[in-house]
Each structure stands twice: as structure tokens, then as C-alpha cells.
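Engineer: The primary structure of each chain is shown beneath.
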Amino acid sequence: EVQLLESGGGLVQPGGSLRLSCAASEFTFSSYAMNWVRQAPGKGLEWVSGISGSGGSTYYADSVKGRFAISRDNSKNTLYLQMNSLRAEDTAVYYCARSDRASMVRGVTGYWGQGALVTVTS
Amino acid sequence: DIQMTQSPSSLSASVGDRVTITCRASQGISNYLAWFQQKPGKAPKSLIYAASNLQSGVPSKFSGSGSGRDFTLTISSLQPEDFATYYCQQYDSYPWSFGGGTKVEIK
Numbered sequence: 001e002v003q004l005l006e007s008g009g010g011l012v013q014p015g016g017s018l019r020l021s022c023a024a025s026e027f028t029f030s031s032y033a034m035n036w037v038r039q040a041p042g043k044g045l046e047w048v049s050g051i052s053g054s055g056g057s058t059y060y061a062d063s064v065k066g067r068f069a070i071s072r073d074n075s076k077n078t079l080y081l082q083m084n085s086l087r088a089e090d091t092a093v094y095y096c097a098r099s100d101r102a103s104m105v106r107g108v109t110g111y112w113g114q115g116a117l118v119t120v121t122s
Numbered sequence: 001d002i003q004m005t006q007s008p009s010s011l012s013a014s015v016g017d018r019v020t021i022t023c024r025a026s027q028g029i030s031n032y033l034a035w036f037q038q039k040p041g042k043a044p045k046s047l048i049y050a051a052s053n054l055q056s057g058v059p060s061k062f063s064g065s066g067s068g069r070d071f072t073l074t075i076s077s078l079q080p081e082d083f084a085t086y087y088c089q090q091y092d093s094y095p096w097s098f099g100g101g102t103k104v105e106i107k
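Going down the list, the protein sequences come from chains C and Z. For the first sequence, position 44 matches number 44 in our numbering, and the numbering has no gaps at all. For the second sequence, position 42 matches number 42 in our numbering, and the numbering has no gaps at all.
Just chain C, with the same shape it has in the complex (with noise of 0.2 Å):
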């Protein structure tokens, strides 16, 4: 069964960084897209993050652009989100789901993590 487990949550101060992982298992790695997805304390849904199954194309949403970074490792079969010069309003649990293909182009996400907690405050 497809496993996907997210890490590297906690608590940073505004303006400060933090890396998440997703340690991939039970599907070969390399052959999937990824997707960041995340979800503010009490609040729907938001796309924030993708990247190929190769990692040689990345997306990002308006709100991140500039300030994430998305990877991958297929050696270690780990997703990561860097996330840079955090906001209060980046606060939310941070989901790693797995589309249906390499490619980032109309993937479905059929996997998602349990998610990570980040909580940005002074």
C-alpha cells in the first residue's frame, strides 16, 4: 500500500525557515508526480506546490513563489518543501500527495499524507 509520511514540522518564528520531507514507500518513486497541498487551522484546501517525477518541472502557487522551493531525491524516495522567509499566514498542515503519473500535466492525487504542522508566530 502506498505510503506517504510527512516531517519536519513545527514551530518558526516570522521570517524564519523550515524544511519539510515526505519519506515515500511501497511505489516506485521516481515515476510519480508530487504535490505539496496545505490547509490553514479551520480553512479548506490550497495547492501550494508540484514537481515531476524526474523533478526537471516545478510549479508553484502566487502566494509561495519566491519564497518555497520543492524537491525531490528519488535516491531517497523523499519529497521536500523549503520554505523560506515565513509568514503568519503560512501557518496550516502541509500535505504531501502523489498524482497518478510522471508528468505534472492533469494528475490526479490519489495519495496524500497524514500531514505536518507548521506554525509560524512570534
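Treat the hints with care, since some could be wrong.
[Said to hold, decoys possible] As a list, the in silico SDA-like pairs of lysine to any residue whose alpha-carbon atoms are at most 25 Å apart: (1) Lys43/C with Ala84/Z; (2) Lys45/Z with Arg69/Z; (3) Lys42/Z with Arg69/Z; (4) Lys107/Z with Arg69/Z; (5) Lys45/Z with Pro41/C; (6) Lys43/C with Gly16/Z; (7) Lys107/Z with Ile2/Z; (8) Lys103/Z with Pro41/C; (9) Lys43/C with Glu89/C; (10) Lys39/Z with Glu46/C; (11) Lys65/C with Ser93/Z; (12) Lys43/C with Ser60/Z; (13) Lys103/Z with Ile2/Z; (14) Lys43/C with Phe83/Z; (15) Lys103/Z with Val108/C; (16) Lys42/Z with Phe29/C; (17) Lys45/Z with Asp100/C; (18) Lys76/C with Tyr32/C; (19) Lys42/Z with Phe27/C; (20) Lys45/Z with Ser60/Z; (21) Lys61/Z with Ser14/Z; (22) Lys45/Z with Tyr80/C; (23) Lys45/Z with Tyr60/C; (24) Lys39/Z with Val93/C; (25) Lys43/C with Thr22/Z; (26) Lys39/Z with Ala13/Z; (27) Lys103/Z with Ser10/Z; (28) Lys43/C with Asp92/Z.
[Unchecked claim] Facing chain C, according to a computed beta carbon distance under 7 Å, are these residues of chain Z, among others: (29) Asn31; (30) Tyr32; (31) Ala34; (32) Pro44; (33) Pro59; (34) Tyr87; (35) Tyr94; (36) Pro95; (37) Trp96; (38) Gly100.
Treat the hints as calculated values from the structure; they're not laboratory data. In this text the structure is predicted, and so the values were computed from the model without any measurement. Where a beta carbon is used, it is the ideal one built from N, C-alpha and C, also for glycine.
Mind docking chain Z on chain C? Use the hints.
Structural biologist: Just chain Z, lined up with the frame of chain C:
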């Protein structure tokens, strides 16, 4: 960017009721529409993709329809385990976008 508008934002229903949730895209997205179910404190669960295709293991009481701009999710006979929040999501173009959610509560 494509905006997704869900309605209603919440509804109260009884066990056994038929429930319909609608989702409208700000522009045509063909059938690149997914539905998710989320229970409190849990990750979203994929129910439907390509507007009307059930994910593996999802019971047939869930159904989806629509194309272009207008879509619906129907639960044919609401059961206690179906009380949750439901989201639509377009994956036709980036940035992907979600509807605001529909909270289905017990009447």
C-alpha cells in the same frame, strides 16, 4: 487562474437522505475535476476523478457528473460515516484550485 465555487457551504441531512453538492468553475475545465472527502483531523480522501470516475474502493453510493463548468457530487443514501467535508478540485491547469468545501452535518 481558475476559481472553484462550491454550494452549499454546509448542509444538514438525515441518514438515508440523498445529498447533492455542486461545484462551478470560473472557466471550462472539460472533465478535469476531482472530489475529496475530509473528516476532522484526517487527510483528504480521493473519491472521484475525471468528474465521474470512482476511485478504487469508493462505494457506489457516491457519484459525480458534469463537464465544462458545472459539476455535481451525489451521495445516494447518506450514512453516518459520510458526515464530513467535501471539496472539489480542478486539475485542468495550474495553479490547481479547490472549492471552499461543503460540510455535511447530521440533522
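Engineer: Does each hint fit the structure? Answer for all of them.
Structural biologist: To see whether the hints hold, each was checked on the structure:
1. Between Lys43/C and Ala84/Z, the direct Cα distance comes to roughly 14 Å. Compliance with the 25 Å bound is thereby established for this hinted pair.
2. A threshold of 25 Å between alpha carbons decides the hint, and for Lys45/Z with Arg69/Z the separation of about 23 Å falls inside it, so the pair holds.
3. Using a Cα cut-off of 25 Å, the hinted pair Lys42/Z and Arg69/Z is violated, with the two alpha carbons roughly 29 Å apart.
4. At roughly 30 Å between alpha-carbon atoms, Lys107/Z and Arg69/Z are farther apart than 25 Å, so this suggested pair is violated.
5. Restraint check for Lys45/Z and Pro41/C: the C-alpha separation of about 18 Å stays at or below 25 Å, so the hint holds.
6. With a C-alpha separation of about 28 Å, the suggested pair Lys43/C and Gly16/Z falls outside the 25 Å cut-off, and the hint is violated.
7. Of the supplied pair hints, the one linking Lys107/Z and Ile2/Z is violated, its CA atoms being roughly 33 Å apart against a limit of 25 Å.
8. Annotation: proposed proximity of Lys103/Z to Pro41/C holds, straight-line Cα distance about 15 Å (limit 25 Å).
9. Proposed proximity of Lys43/C and Glu89/C is supported: the alpha carbons are some 12 Å apart, at most 25 Å.
10. A threshold of 25 Å between alpha carbons decides the hint, and for Lys39/Z with Glu46/C the separation of about 17 Å falls inside it, so the pair holds.
11. Restraint check for Lys65/C and Ser93/Z: the C-alpha separation of about 17 Å stays at or below 25 Å, so the hint holds.
12. Between Lys43/C and Ser60/Z, the direct Cα distance comes to roughly 29 Å. Violation of the 25 Å bound is thereby established for this hinted pair.
13. Note on Lys103/Z and Ile2/Z: the hinted pairing holds, with a Cα-Cα distance of about 22 Å set against a maximum of 25 Å.
14. The hinted pair formed by Lys43/C and Phe83/Z meets the criterion: a straight-line CA distance of about 17 Å does not exceed 25 Å.
15. For the given pair, Lys103/Z sits about 23 Å from Val108/C by alpha-carbon distance, which is consistent with the 25 Å threshold.
16. A distance of roughly 23 Å separates the Cα atoms of Lys42/Z and Phe29/C; the hinted pair therefore holds under the 25 Å criterion.
17. Pair hint Lys45/Z plus Asp100/C holds up; C-alpha atoms about 14 Å apart against a cutoff of 25 Å.
18. Pair hint Lys76/C plus Tyr32/C holds up; C-alpha atoms about 14 Å apart against a cutoff of 25 Å.
19. With a CA separation close to 22 Å, the supplied pair Lys42/Z and Phe27/C stays within the 25 Å bound.
20. Our distance criterion of 25 Å between C-alpha atoms is met by Lys45/Z and Ser60/Z, whose separation comes to about 15 Å.
21. A threshold of 25 Å between alpha carbons decides the hint, and for Lys61/Z with Ser14/Z the separation of about 15 Å falls inside it, so the pair holds.
22. Proposed proximity of Lys45/Z and Tyr80/C is supported: the alpha carbons are some 22 Å apart, at most 25 Å.
23. A distance of roughly 23 Å separates the Cα atoms of Lys45/Z and Tyr60/C; the hinted pair therefore holds under the 25 Å criterion.
24. Distance hint between Lys39/Z and Val93/C is fulfilled; the C-alpha atoms sit about 14 Å from each other, no more than 25 Å.
25. Distance hint between Lys43/C and Thr22/Z is fulfilled; the C-alpha atoms sit about 19 Å from each other, no more than 25 Å.
26. Taking the CA atoms of Lys39/Z and Ala13/Z, the gap is near 16 Å; set against the 25 Å cutoff, the hint holds.
27. Of the pairs offered as hints, the one joining Lys103/Z and Ser10/Z holds, with about 4 Å between alpha carbons and a cut-off of 25 Å not exceeded.
28. Of the supplied pair hints, the one linking Lys43/C and Asp92/Z holds, its CA atoms being roughly 23 Å apart against a limit of 25 Å.
29. Here the hint on Asn31/Z is broken, as its CB sits about 10 Å from the closest CB of chain C, past 7 Å.
30. Because the beta carbon of Tyr32/Z sits about 6 Å from the nearest beta carbon in chain C, less than 7 Å, this interface hint is met.
31. With 7 Å as the threshold, the beta carbon of Ala34/Z comes within range of chain C, its nearest partner Cβ sitting at about 6 Å, so the hint holds.
32. Taking 7 Å as the C-beta contact cut-off toward chain C, the hint placing Pro44/Z at the interface holds, the least distance being around 6 Å.
33. Given the 7 Å rule on beta carbons, the hint for Pro59/Z is violated: about 16 Å separates it from the nearest Cβ of chain C.
34. For Tyr87/Z, the suggested interface contact is upheld, since its CB lies about 6 Å from the closest CB of chain C, less than 7 Å.
35. Interface hint at Tyr94/Z: satisfied, since its Cβ lies 5 Å from the closest Cβ of chain C, which is below the 7 Å cut-off.
36. For Pro95/Z, the interface hint holds, the least distance from its beta-carbon to any beta-carbon of chain C being 5 Å, beneath 7 Å.
37. For Trp96/Z, the interface hint holds, the least distance from its beta-carbon to any beta-carbon of chain C being 4 Å, beneath 7 Å.
38. Evaluation of the Gly100/Z hint against chain C yields a held restraint, the C-beta minimum of about 5 Å falling below 7 Å.
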